[in-house]
Amino acid sequence: MRAIMIAALLAVLAACASAPTQEQAPAGVEDRSPGQPGAQTQGIGGSQVTGVDLTGQKGGAAASRSALTDPSNILSKRSIYYDFDQYDIKDEYRPLIEAHAAYLRDHPDAKVLIQGNTDERGSREYNVALGQRRADGVKKLLLLLGAKEDQVEAVSLGEEKPKAQGTTEEAYAQNRRCDILYKGEY
Amino acid sequence: MQSLSVRWISRAAAVLVAFLLLAPLLARAQLSIEITGAGANRIPIAIVPFPGEAALPPGITSIVRADLERSGLFRGLEVPPLIPQPTEASNVDYAEWRSRLADALVLGSVATRPDGRYEVRFRLFDVVKQTPLGGVAYTLAKDQVRATAHRIADYIYEKLTGEKGVFSTRIAYVVKRGNRYELQIADADGADEETALASLEPIISPAWSPDGKRLAYVSFENKKPVVYVHSLLDGKRHVVANFKGSNSAPAWSPDGTKLAVSLSRDGGSQIYLINPDGSGVRRLTYTSAIDTEPFFSPDGKYIYFTSDRGGSPQIYRMPASGGDAQRITFDGSYNVSPRVSPDGKSLAYISRNSEGKFQVALLDLTTGQVQILTDSDRDESPSFAPNGRMILYATVINGRGVLSAVSSDGRVRQRLTVNAGDVREPAWGPFIQ
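Chains as they are written, first to last, in the working numbering: chain H, 1 to 186; chain U, 1 to 433.
Read the hints as simulated data drawn from the structure, not as lab findings. Keep in mind it's a predicted model, so treat the numbers as computed, not measured. Think of the CB as a built atom: it goes at the ideal place given N, C-alpha and C, for glycine as much as any other residue. A portion of the hints provided could be inaccurate.
Unchecked claim - So the derived label-pair ranges between C-beta atoms look like this:
#: 1; chain 1: U; residue 1: E221; chain 2: H; residue 2: Q165; range: 19 to 27 angstroms
#: 2; chain 1: H; residue 1: T168; chain 2: U; residue 2: T287; range: 31 to 39 angstroms
#: 3; chain 1: U; residue 1: K213; chain 2: H; residue 2: S72; range: 54 to 62 angstroms
Only chain U is shown next, with the shape it has when bound in the complex:
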């Protein structure tokens, strides 16, 4: 165990050094991910390079391994060159892989098809139980290498952990460079980023529609906050809420038919429901306090939100159709930005402690127990991965905005940075359907 953790640290250090060396050379704003913590019991997995994958740079197995290791739940084993190179069709010598300390084994191959496309086949084996766990064959074009690798990683992750993987999902975030704001979408590993919107005025609060096809967000391009819905496929967008005053904090209902927003059109920031096309505005809260940051429970029955009706900003919950609100947070004088976990059992939010540090907190909604998950001091905008395993959030390191992720048990940590820019306002997208 000692040697494993030493290796882990040196590996993380190597990644960091590589990043520092490369950072000035990278012209694009790609997110770089640094793993700063890992789970206690990582599954040792041997992923044998697929014969033929050299035709598909940067290679399938390297991406699969990086995905699995980034989750903090797996440890990729170094596999020496094997002759002959085994494929998914080979007979597996379980005893030999056991002696290499592998609990799981992945074998595969890449073949070129007559139509110029490629076929990737792989199988997964449980080395301890000496049993095959399944496999898949994918047909892909050369520009689908990463997507295919993420799917393989999702398959392996689900078979070995029992929960769905999120390697094929995407994240949205805002990069600020100089006076320019860019709303970007990237793979969950930070690769293949695309800019959905660039503006000289701030963009905040991106929120994914449940089908992953649209983003709601707040743009200040009209010198005040206005809520838009943006279709990612065709880049078209429309105004959802541009009433007198401020229009902000969009959140989708789980069925995608409604947005909850905070509007000040009737005086004071209050919570309203509105259809994604901007019709059917309906007021939900009637207070003289601040009511903002609505967030639906996954069953759609409740809306969690931030309110200072009790004298300090705290998190409350009300029926999704409005009505009596119940206070949810009690510790501390500043608890904001509620996000319910996908299973509905816990609530991530930002809590300011007695030293003035803003940190990611996790409240168990059944027991009422609160756990502070981070040790940073400027955390904002938490966002659950769709499987609930990780929480992505924005923080500030050395004066610069970065994205970080922490597992909901607090053990696994990642940091995502963009060269020459501040990153903020992350939102983790839904499972790809």
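Same shape as in the complex, but just chain H:
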């Protein structure tokens, strides 16, 4: 049963992966910033990460940049966005999660923290649980795709750390989000 599910999932992912990559990045995804604080610290250890890079990228144009922060690499995309009160992962984010799962599979020492977030409407505690549900969903998919349990922690920030301020639907949409942070970035 489980094998069938995984096979079906991989089939879906393969279908998604054949789509042009820019399609999975709607407006708002690209101005992500959680990578930036981490990017500063990674600059110091840049040579280390570059070594890792070559394996993951199969000789791509990595140069001194980390695969995780290179804007042209899908691994630099770290955010998954949701509809109101929803926690199902939209198809457009599956290639992103697949790429991170592959990276974790190839780098057993790498660890990620998945932070689930919600917009500010409703109960703070219910939003902690809703953010957790979102983060757990991303974690579950990473594990299905080969990441190991001890590489992934899913936590929730609820509505407490909004990326966008304000009470517009646009701001809310930015805040209904999971971020994938690698160790050293949080």
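Got chain H sorted already, so can you dock chain U onto it with the hints?
Chain U in isolation, oriented as in the chain H frame:
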């Protein structure tokens, strides 16, 4: 009645104007209280200034009167200067006080003791029945003026309404100013606030231990929600739950020996019991849904909680030892944050209506009848006063977080604001023992 309500409005307006004028001058984060509604039949009470109280600024009787009026159940009468000024030892001319339209009368005095402390004595009289209702003498230091006044107000409130007063209780809440979060404790009237915890990361869900000596809360200082218990006397705190995933929504059992919390350590937010020292974790719910916001019934037999097991967040109830849950709310698609009244007879919670407004609702657990108590649209975190009379909650007015309180009959309303900050996450503390 007409003139009374006009006077009430002008009085409320004066309070508001005074607040607006003073607000920029206040450097501290003291809560200001504005009364925005009152009960239908307020008891007219004459509180005669106590001779000698000028030695105890800001004065005992002004605080007693403000307390009683804030409850929405009393109307303080203006008392002209009387010569000689009566004290608790004076003979009461009931007919004269009746002619002043007082139903109740408070007389008292303040004396300096040889040891430098003060003695406050007062008596309460039922003017209609022409009978004394009792009195008390307190010995106090100069910094106990407010505490003493609150006790006098509690005494008067209980004698005249038959229920315990809450003027001596305290409230906890979180103030956000810029990037700074402060967990504060203040008197129920918003005065004498103290900061128990300041952090650059969010603090939510403060919950008073039944003895009023400790607060459980959730802090994000470790970049994820972690449950702490904080001792208010010495400011010491310890981690109660910091498992993998999120740790949140603490609620004390009525005997103070357990906390119910929501943990995601086994996947998904589920409800657990844990000892206040962090030992003895025991899982109570086993669902693939969200189960959070536990709250004990006052008899300790049940836990009310929020779950989306039926497809939308609704309130359920289960035995406090776990087991089959029963759905409690049915109207609407979003009912969260259950808080049982101290008498166990009703349930306050937040309900989202068809227009998307989040409002305080009150469910009569016997009849199943639901009453929406507020007309605001961003209400959160309801909290009963320990006598069950008022419900304190957070809401947003003009883009700013404020605390409001509404009586459980919906008639009396108060608003508590802090200058230059957002206030949220209120929790009304227990009776002082």
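Hint check results:
Look at E221 (chain U) against Q165 (chain H): about 22 angstroms separates their beta carbons, and that is inside 19 to 27 angstroms. Distance hint check for T168 (chain H) and T287 (chain U): the Cβ-Cβ separation is about 34 angstroms, which falls inside the suggested range of 31 to 39 angstroms. At roughly 58 angstroms, the beta carbons of K213 (chain U) and S72 (chain H) sit within the given window of 54 to 62 angstroms.
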